[in-house]
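So the chains spell out like this:
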Amino acid sequence: MRRDASHRKMIEDLERILGPGRVLSDPLRLLAYECDGYTVQKGRPSAVVFPGSTEEVAAVVRYLHRHRIPFVPRGAGTGLSGGATALNGEVVISLVRMNRILHIDYENRYAIVEPGVVNRKLSERTASRGYYYAPDPSSQQACTIGGNVGENAGGPHCLKYGVTTHHVLALEWVLPDGEVALVGGPNGDDIGYDLRGLVIGSEGTLGIVTRIWVRLLKKPAGVRTVLALFDTVEDASRAVSEVISRGIVPGALEMMDRLAIRAVEAGAYPVGYPEDIEAVLLLELDGPEEGLEEQAREAVDVCRRRRVRDVRVASGEAERALWWNNRKTAFGAMGNLSPDYLVQDGVIPRSALPEVLARIAEISRDSGLRIANVFHAGDGNLHPLILFDSRNPGETERAVETGSRVLQVCADVGGSITGEHGVGLEKINEMAKIFSPRDLDYQMKIREVWNPEELCNPGKIFPRPARCIDRQPPLGRPASVPV
Amino acid sequence: MAAPEERGRSAFQWPDPPDPDKYSACVHCGLCLEACPTYQELGLEDQSPRGRVYLIRAAAEGRLPLDGALVDPVFRCLDCRACETVCPSGVRVGALIEEARGQVFAARPARGGPGRLQRLILRKIFPYPGRLRFLARLGRWYQRSGLRRLVRAAGLLRLLPPHLREMEAVLPDIPARTSREQLPPRWPAEGTRRGRVALLTGCVMDVLFAGTNVATARVLARNGFDVVTPSGQTCCGALHVHAGDRETAKTMARRNIDVFLSEDVDAIVVNAAGCGSALKEYGELLRADSLYREKAERFSRMVRDISEFLAEAGFEPPKGRIDARITYHDACHHCHAQGIRRQPRELLRRIPGLELIEMPDSERCCGSAGIYNLTHPELAGPLLDRKMADVPEGVEAIVTGNPGCMLQIMVGVHRTGTSRKVLHTVDVLDAAYRAEVETT
Numbered sequence: 001m002r003r004d005a006s007h008r009k010m011i012e013d014l015e016r017i018l019g020p021g022r023v024l025s026d027p028l029r030l031l032a033y034e035c036d037g038y039t040v041q042k043g044r045p046s047a048v049v050f051p052g053s054t055e056e057v058a059a060v061v062r063y064l065h066r067h068r069i070p071f072v073p074r075g076a077g078t079g080l081s082g083g084a085t086a087l088n089g090e091v092v093i094s095l096v097r098m099n100r101i102l103h104i105d106y107e108n109r110y111a112i113v114e115p116g117v118v119n120r121k122l123s124e125r126t127a128s129r130g131y132y133y134a135p136d137p138s139s140q141q142a143c144t145i146g147g148n149v150g151e152n153a154g155g156p157h158c159l160k161y162g163v164t165t166h167h168v169l170a171l172e173w174v175l176p177d178g179e180v181a182l183v184g185g186p187n188g189d190d191i192g193y194d195l196r197g198l199v200i201g202s203e204g205t206l207g208i209v210t211r212i213w214v215r216l217l218k219k220p221a222g223v224r225t226v227l228a229l230f231d232t233v234e235d236a237s238r239a240v241s242e243v244i245s246r247g248i249v250p251g252a253l254e255m256m257d258r259l260a261i262r263a264v265e266a267g268a269y270p271v272g273y274p275e276d277i278e279a280v281l282l283l284e285l286d287g288p289e290e291g292l293e294e295q296a297r298e299a300v301d302v303c304r305r306r307r308v309r310d311v312r313v314a315s316g317e318a319e320r321a322l323w324w325n326n327r328k329t330a331f332g333a334m335g336n337l338s339p340d341y342l343v344q345d346g347v348i349p350r351s352a353l354p355e356v357l358a359r360i361a362e363i364s365r366d367s368g369l370r371i372a373n374v375f376h377a378g379d380g381n382l383h384p385l386i387l388f389d390s391r392n393p394g395e396t397e398r399a400v401e402t403g404s405r406v407l408q409v410c411a412d413v414g415g416s417i418t419g420e421h422g423v424g425l426e427k428i429n430e431m432a433k434i435f436s437p438r439d440l441d442y443q444m445k446i447r448e449v450w451n452p453e454e455l456c457n458p459g460k461i462f463p464r465p466a467r468c469i470d471r472q473p474p475l476g477r478p479a480s481v482p483v
Numbered sequence: 001m002a003a004p005e006e007r008g009r010s011a012f013q014w015p016d017p018p019d020p021d022k023y024s025a026c027v028h029c030g031l032c033l034e035a036c037p038t039y040q041e042l043g044l045e046d047q048s049p050r051g052r053v054y055l056i057r058a059a060a061e062g063r064l065p066l067d068g069a070l071v072d073p074v075f076r077c078l079d080c081r082a083c084e085t086v087c088p089s090g091v092r093v094g095a096l097i098e099e100a101r102g103q104v105f106a107a108r109p110a111r112g113g114p115g116r117l118q119r120l121i122l123r124k125i126f127p128y129p130g131r132l133r134f135l136a137r138l139g140r141w142y143q144r145s146g147l148r149r150l151v152r153a154a155g156l157l158r159l160l161p162p163h164l165r166e167m168e169a170v171l172p173d174i175p176a177r178t179s180r181e182q183l184p185p186r187w188p189a190e191g192t193r194r195g196r197v198a199l200l201t202g203c204v205m206d207v208l209f210a211g212t213n214v215a216t217a218r219v220l221a222r223n224g225f226d227v228v229t230p231s232g233q234t235c236c237g238a239l240h241v242h243a244g245d246r247e248t249a250k251t252m253a254r255r256n257i258d259v260f261l262s263e264d265v266d267a268i269v270v271n272a273a274g275c276g277s278a279l280k281e282y283g284e285l286l287r288a289d290s291l292y293r294e295k296a297e298r299f300s301r302m303v304r305d306i307s308e309f310l311a312e313a314g315f316e317p318p319k320g321r322i323d324a325r326i327t328y329h330d331a332c333h334h335c336h337a338q339g340i341r342r343q344p345r346e347l348l349r350r351i352p353g354l355e356l357i358e359m360p361d362s363e364r365c366c367g368s369a370g371i372y373n374l375t376h377p378e379l380a381g382p383l384l385d386r387k388m389a390d391v392p393e394g395v396e397a398i399v400t401g402n403p404g405c406m407l408q409i410m411v412g413v414h415r416t417g418t419s420r421k422v423l424h425t426v427d428v429l430d431a432a433y434r435a436e437v438e439t440t
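Top to bottom, those sequences are chains A and B.
For the first sequence, my numbering assigns the number 1 to the initial residue and increments by one for each residue that follows.
For the second sequence, my numbering assigns the number 1 to the initial residue and increments by one for each residue that follows.
Warning: the hint list may mix true and false statements.
[What the hints assert, rightly or not] Pairs of lysine to any residue, SDA-like flavour, derived with a Cα cap of 20 Å: (1) Lys-121/A - Asp-361/B; (2) Lys-22/B - Asn-336/A; (3) Lys-22/B - Ser-390/A; (4) Lys-42/A - Gly-62/B; (5) Lys-121/A - Thr-85/B; (6) Lys-421/B - Ala-389/B; (7) Lys-22/B - Arg-391/A; (8) Lys-22/B - Pro-339/A; (9) Lys-160/A - Gly-247/A; (10) Lys-121/A - Pro-360/B.
[Unchecked claim] Label pairs and their computed distance ranges (CB to CB): (11) Arg-287/B - Pro-437/A: 51 to 59 Å; (12) Arg-258/A - Arg-255/B: 44 to 52 Å; (13) Tyr-106/A - Arg-108/B: 50 to 58 Å; (14) Arg-298/B - Gly-287/A: 49 to 57 Å; (15) Ala-389/B - Ala-181/A: 36 to 44 Å; (16) Arg-258/A - Glu-263/B: 43 to 51 Å.
Keep in mind the hints are simulated off the structure, nothing from the lab.
Here a beta-carbon is modelled for each residue, glycine too, at the ideal position from N, C-alpha and C.
Isolated chain A (complex conformation) (with noise of 0.2 Å):
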């Protein structure tokens, strides 16, 4: 009774703040909120706001902060890890209506955009002038800037070009109790701390960005993409190994295995692959065109050597753009092959790759479930992809754990347990088999600063130690690691 006059209260309150319209409190239409792209943990937020403007989401938080209610902010739901997800009924803070693009300098190449900006729409608003934002995670048909801020979102062409913190300025910042703050700055170096670069791939952990000044490239005059089919996984690994050891830098790099294929072909964007290959490569080249060519054929001369079946140069733009929209719906495409999927988010060195997937085929003999691959392979950044179908009782389980062996394979040979997708709820137990306890602490103290009470986007990133021990440490004190 008291929790639901609380809440009563708590709407009431946020509906004077924001205006009527702008929260959504139904139960029944709060279904809709209960999880991002990650579907296999969920949570009905208490409630959903819009604000839209700076000054709104301050005045949310302030009041959230007052009351220590916790929140989690949200973009447009896209992300992999369940970093949107209000676990324990969190009120989500949605930035979506915050989606102008503010200003956009083309003499300093920089623009200013609200965090709910789509990213694809930044790259279509300023192509008439030859500009584009370069990081390009799959997702960025829908997905927005500030949920790729909050994920320090790559992409495939993020090989050559670098990762969203690589093309962040600056930042507005509303700090967990309401404060708001700017970090970095539109001309680049910044002095003493780098907190812009903190800020980024936090995951919502310490505080809400609601301005975002970003880098804007310059087209690259002269493109080639190179689409080479093997036979196997292994000639289609040393076909990247030697494209790389050559010293050529492509702009992207990625490879789909035969599973993934067929996914995507059966897709909205077919390419007509032969059935039976087990490799697809997809190589592009860009800069000037100057030497261009010269590196394409290069490339192809590499792939002929390692045994190709068929390479091939695209003929125009729209053959390379039907490529890529191919390769880019490769995890939506999933639906193909299965009600659910459990992407994971390895990183191994290059060379690791035929032995990883020979690893990871084994281990989804043993589970029993089918698993896909994609790999951004330039930089190591592996996606098995595992299906699986929920209705089935205990098959979500076995798939959480046949993802959790198969991050411990890219553990095993060095790598990480996440390139670009975030931990979120999904990775917290893998955190262990790459920090030691020591390493986590002082992570937590960071968040500490700004986030000592947990309540903006609790229970992210960082196991609790809630889970280990049997009292949870009162509010506001250092939250301790269980050595």
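For this one, chain A is given, so just place chain B on it according to the hints.
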């Protein structure tokens, strides 16, 4: 670990519920979000394609009752299927929405005036071409007898909500005779006979755009096809499927199947995008009907949009000139539901003198969406404004291939106060053929 979900009795207790195979194909990736006009407008997860699919699944699993939280998103969907074009997993969102609406229609007795009126129109008017014709005559009488002038002068239209007032203002003059009255049972091919096709005359097309139906038959005959217009045919049932009245739709589908399959034709040609996709989905609609399923599938395989048919069969490029600049709007049920994009443009580009200027986002819904512009003006209005803002400067006509879009865009033209024409693709092609005669 995932909390075990509370699962109860499915909210879908009537026959023909949303198909579990269709909703379990959705992996919740969200790539559909920005393609969805209602999500673009509202920014709400429950008003997005994946959100709606999620809610339908939750209702099937007994976690959500057949109530407002489901009914509103399901009915606020335009059924434009833009999400299907971008969905990597091929989730058939449109079919799921229609099936869910079927449950709502069956579960909720029509309450209040608008609901009753809608049911009356769906069940007592559209299935009967004679009654539709009678209404058309009434409308024509209203337009021509002086009553309209009187009503307008007396300011009675102010009693109507603004969107209906606009619709009244732009409604084209209703022809004296419906296309079914004008078309002979068999229109013989000109020149070498290449085949025989049957024409669906539809309901709105038949009474409001009778001239376009006649033009369609003339263009087909001009290209060597005998055109039969079976008199026993009825409305395609698309509006019924959209409204959730699946049982009436099925009755009409069976009738059309019987009537058209008894004709010995190579194809069933239709010139309305919405009707075309409904006909192509008869197989789906009647999948549980053991008597009709196979026939329905055979029927659906024979259906062709007029632009699709001409592009496939080959058509004679017109020699008559039309000196005009036009733009083309893709009806959702052309591009998203049937994958028809190239064919109408092919027809238009072959017309001498005609300059086709593409509009940006030509595949975004204009807000017509069947009768959506009547039921949800608060969303249809902004969509229409966006569409009109996208019309390139200097074009004299907006061409499209669906009566609903034509009416909606006529409202748009009226709103923007320009004198642009709104034409059907076939009207333009037919005009080019007829210009040949005049020039020779």
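Outcome of the hint check:
Distance restraint check for Lys-121/A and Asp-361/B: the Cα-Cα separation of roughly 13 Å lies within the 20 Å cut-off, and the hinted pair is therefore satisfied. At roughly 10 Å between alpha-carbon atoms, Lys-22/B and Asn-336/A fall within 20 Å of each other, so this suggested pair holds. With a C-alpha separation of about 15 Å, the suggested pair Lys-22/B and Ser-390/A falls inside the 20 Å cut-off, and the hint holds. A threshold of 20 Å between alpha carbons decides the hint, and for Lys-42/A with Gly-62/B the separation of about 17 Å falls inside it, so the pair holds.
A C-alpha spacing of about 18 Å is found between Lys-121/A and Thr-85/B, which places the hinted pair at or below 20 Å, so the restraint holds. Restraint check: the Cα-Cα separation between Lys-421/B and Ala-389/B comes to about 16 Å, which is no more than 20 Å; the hinted pair holds. Between Lys-22/B and Arg-391/A the alpha-carbon distance is near 15 Å, which keeps this suggested pair within the 20 Å criterion. For a cut-off of 20 Å, the pair hint linking Lys-22/B to Pro-339/A stands: about 10 Å separates their Cα positions.
The straight-line distance between the Cα atoms of Lys-160/A and Gly-247/A is roughly 12 Å, inside the 20 Å bound, and the hint therefore holds. With a C-alpha separation of about 14 Å, the suggested pairing of Lys-121/A with Pro-360/B holds against the 20 Å cut-off. About 58 Å separates the C-beta atoms of Arg-287/B and Pro-437/A, a value consistent with the hinted range of 51 to 59 Å. Checked against the hint of 44 to 52 Å, the pair Arg-258/A and Arg-255/B passes, with Cβ atoms roughly 48 Å apart.
Tyr-106/A and Arg-108/B have their C-beta atoms about 55 Å apart, which keeps the hinted 50 to 58 Å range intact. Between Arg-298/B and Gly-287/A the Cβ separation comes to about 56 Å, which falls inside the hinted range of 49 to 57 Å. Take Ala-389/B and Ala-181/A: their Cβ atoms lie about 38 Å apart, and the range 36 to 44 Å holds. For Arg-258/A and Glu-263/B, the hinted distance range of 43 to 51 Å is satisfied, since their beta carbons lie about 47 Å from each other.
Checked against the numbered hints above, the structure violates none of them.
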